[in-house]
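Undergrad: Residues per chain are reported as follows:
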Amino acid sequence: MNKYLQISLLFVLLCSACQDPVDPDELLNIDDRTYIVGYLSPSDTLLSVHVSTAVPAIGTQIDSNDPMADIEKFIIKDALVIISDEEDNQVQLIYNAERRNYQAPASEFDIIEGNTYFLKVSTDDKEYTSSCTIPQKVDSITEVITPEYEDEYSLKYILDIAFQDIIGKDNFYLIGGKIETEEQGQPYEWPLNFELDSFLTDAIGDGEILSQNSFFSFWQPEEGITAKITLQVTNVEENLYLNRRAAFLNDYNDGNPFVEYSIAANNIEGENAVGVFAGYQLTEKVIEYEIKK
Amino acid sequence: MKKTIYCTSFFLVLFHQGQAKLSRPPCKPKSEIHKKLGALLILKDNHQSLDQAENKFTISGYITESGSGEHLLGVSVYVPELKLGTTTNDYGFFSLTLPQGNHEVVISYIGYGNEKRKLNLTEDKILSVELKPSTENLEEVVVTADERIRESKITQMSTVQIKPADIQDIPALLGEKDVLKTLQLMPGIQGGSEGSSGFFVRGGTPDQNLIILDDAVVYNSNHLFGFFSVFNGDAIKSVEAFKGGFPARFGGRLSSVIKLDMKDGNKEKLSGKVNIGLISSSALLEGPINKGKTSFIASGRRTYADIMVRPFVDSEKGNRSGYYFTDFNFKIHHIFSPKDKLFWSNYLGQDKFYENSVYSDGDKDKSRLQWGNITSTLRWNHQFNNKLFSNTSLIFSNYKFKLLIEEDFKDQQNRFKSSSGINDYTLKTDFDYYPNNKHTVRFGANATRHNFTPQRLLVKDEFSSDINKEQELNSFESAVYIEDDWKLTDKLSLSPGLRLSYFNYKDKHYINPEPRLALSYNLKPDLAFKASYSRMNQYIHLLSSSGIGLPTDLWVSSTDNIKPQTSQQFAVGVAKDFFDKDYSVTLEGYYKTLDDVIAYKEGASFLAIDDLETGKNTNWEENITSGQGWAYGAELLFRKQTGPFTGWLGYTLSWSERQFDELNLGKKFYDRYDRRHDISLVGIYKPNEKITLSGTWVLSTGNNYTLPNQQRIDNPVDFPIFNNDLYSSYSGMEDFTTQRNNFRGETSHRLDLGVQFHKKKKKNRERIWGVSLYNSYARRNPFIYTVENKDYDPSTPDAPDEKELIRTSVLMLIPSVNYTFKF
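For the protein sequence lines, the chains are Y and H, in the order given.
So for the first sequence, our numbering puts the first residue at 1; every next one is plus one.
So for the second sequence, our numbering puts the first residue at 294; every next one is plus one.
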């Protein structure tokens, strides 16, 4: 009897699950869209706007051995891209094949804090528009580095950084940084990783001190070395914040069915367009820190 | 606010029209206010004159089941000549005040024979009646005249009752009879994913359903990740679901009340039932401890998949792994006197995954994942007189989730233990007062202390410092209420109610009045128009990423930052009974608004712990965002409840929308379980005593999912912050979508079939073989959709990467067999 029960159970399990590919045509909107991205900052040396086609996630073929060859097909290279300011001063951005973006030197067009800028992209008889306003710059960054852990192989440090929220408006910040060292004549560089904590808002209160921490580790150096640490705080427009946060979260949670997918921001006007045109301000602080046993 | 005014005006107009038919309108022109006041005054005058003209006496008593002494609730006690009647309360008690004289009282209950009693009423009388079951519905007790309180005779709307016998007869997944899955076959109550016992009522969420078993809240009603519910129906006496028009005695949840009552136990003789199924077995035993005075009932169920797979596991060295779930119900009922009764009911249920591994070098590890509910209710019924009845309950309710991992290696010992849970301690008292035949007044109060443990964590690891911490939240919830079922005229009845709820967490106090109103107007004796309004508050919330009833779903309290959820629901409908055929039809429309409903933020993890190694916490409040919702639709239920063929057809047309500032870029979106159409067709046929045939066919529009429908070039312009570059994809492209729930899955449908063979034996014993087929035409209904890379094909090694939409289906063509023996 027990044997029959086991066979029955196995039969039930075999019947109970299967996976099938499904034709998405009638279920999911998979029309191509025009994808436009541009971030403006007074600290830029080049003004850059990207124009390409966003393609269906399902059914689009990309050669993993040479993805750039396929990606090249999605780039829109013959668009007319113009950035203008409130006084109707204009600059046309020219397509740069090497960077796959439309670019113009920042020296030809001033990007100024508090000013609003307008983007116009024309392609295939269609016109897309957007605008952005350059937010205020964070004044200064403070930091505390605390040795946390040491053994015969490695050293670990906790880095706390803090800055004051800009008073009077809702602000969105992205923080980050990088570490550069040189050992035996060889330069090394790697980013400071704040992960999800790199996305900050002033939800705790207007004008509050915002702080976050990260850590960095080294192999025990033979002798003391000096690390050049660059701390970065960007005050960004909300759409830029949402767009980068969504991309980060979707990557971070890839494969986890219990996390809701994050929705990409979109402030591009025009038929079937998607993307972000936004302003930001960068504040950097460079410190030197001696790493020793 | 406008809606409230419209609704109030609507009720006033109806109320006025009802009165206008009762009494001729005054000849002199009056202002609108005077007209309405006039109607009220006329009513008062009529009422006084009737009372003064006639002597009235009260009949009261209990209705019980013949042979077991089980109290029957919801039994109709009706006097056709006067068109007056009532129904028994939750404890089988009724009270009906009638004028002096000769009356014929008809006592009837679906599934039982009718009892008619002729009374010469010259004084208050006690009438206790035993009803005989109508032999499993084979004797069709068709009430051919207006002799019963039916759907069109009650003020309450948006409610459905299910007979435990139906639960036993309807085909079920793997033969596991399931109360909640049977409820999902009713219009307005929608199941979640395929096979799940989680349910969504009128556009609400699973945590907005109040599930109460003998007054105790059951926090997690699921076994095995929602594939089975904790209620198998063996020990259940009645199931009633309220979807709207909530009476004031219920509160604390926004969308529904599922009220389950356990049997009290057979007071006459020892009886029982044993059921052996494919994945579980259950047993029930009930009987008198002191005949006629004290009875007990105990029932238990356990799955045995873990025991069956043991031959396949290398258990010699101590390796053991498996999963099981158990349920255990136990109740004692003691009658101190006809006026004082005590009930003690308990439920204990648990799911457990376990794994013990012993390695060849002597290293060992052990892991446990378990969750479960415990409820215990002590109730005291007291009948003060023939018009006042009370019940006082002391209730304990617990839900706990535990995860344990222990590693015992030669050079190190690690231990990780995490748990979360909730304990409720409740004192509740309810009064039923029957002052005359026009009013049934209920009032009462309750107080609950909630003790939440969102996380208790113990980590012992030789490579890092120990972590031992516990989060704890305590809150207090209470309410007072009063409601009246007021029969204004033969045609018009009104049920106003008010509940005043209070919630306290630390220094935060919430006090919210919750008005309730229901109205019924009989256009014909068998046709009623109904309308209702209810406002609800919910102070505790379930954090759930999946909506399918995972054990990791976490109950949390309203706090300073998380406001209570509130809802308002307006419903209108008609109820029609067909006396000659014993059919009933209800058609209802509803509109519900939801405020301060909560959801996980985009990208938020459902685990309270971000990093298992460091024990770094994510504060659950930071993961939550609140918003609003709208749900509206219509429901049709055509039902036949007596005779050899019973069943129903249910249809739901519905919409459910949400808006959260922090989700979907602040834009409105359709809820995941927004489903336009739901159809359920249920049939149970008993041609003779030896066979029961049953079938259900369900169809529902697909659920909504958020899927990345497009891809774009990854990081196409420079940005100075480096962090995100760490996550650049190898293809240089990233998936994205600009709309939450942008994808509606395919329509689901399936046919379940069942047959039971009954064989009666001596001494009232019975043997039943049951065979069922779940999803009999093997429809591949979607369980989940994912976007995945196409499988690598070795025959075309240079083929480019391509993604495809994958549908995962479960539960196709699942046969089962079970054996039941009753004695």
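A hint or two may mislead.
Stated by the list, open to error - Each computed BS3-like pair below joins lysine-lysine, with the alpha-carbon atoms no more than 27 Å apart:
1) Y/Lys126 with H/Lys960
2) Y/Lys156 with H/Lys753
3) Y/Lys156 with H/Lys762
4) Y/Lys120 with H/Lys960
5) H/Lys695 with H/Lys731
6) H/Lys456 with Y/Lys73
7) H/Lys960 with Y/Lys169
8) H/Lys983 with H/Lys562
9) H/Lys425 with H/Lys1083
10) Y/Lys169 with H/Lys894
11) H/Lys856 with Y/Lys169
12) H/Lys409 with H/Lys566
13) H/Lys961 with Y/Lys169
Don't read these hints as lab results, they were simulated from the structure.
Undergrad: Against this structure, judge whether each hint is valid.
TA: Comparing the hints with the structure gives:
no.	hint	in the structure
1	Y/Lys126 with H/Lys960	26 Å, holds
2	Y/Lys156 with H/Lys753	22 Å, holds
3	Y/Lys156 with H/Lys762	25 Å, holds
4	Y/Lys120 with H/Lys960	25 Å, holds
5	H/Lys695 with H/Lys731	52 Å, violated
6	H/Lys456 with Y/Lys73	64 Å, violated
7	H/Lys960 with Y/Lys169	22 Å, holds
8	H/Lys983 with H/Lys562	25 Å, holds
9	H/Lys425 with H/Lys1083	64 Å, violated
10	Y/Lys169 with H/Lys894	23 Å, holds
11	H/Lys856 with Y/Lys169	25 Å, holds
12	H/Lys409 with H/Lys566	32 Å, violated
13	H/Lys961 with Y/Lys169	25 Å, holds
Consistency note: the structure conflicts with the earlier hints numbered 5, 6, 9 and 12.
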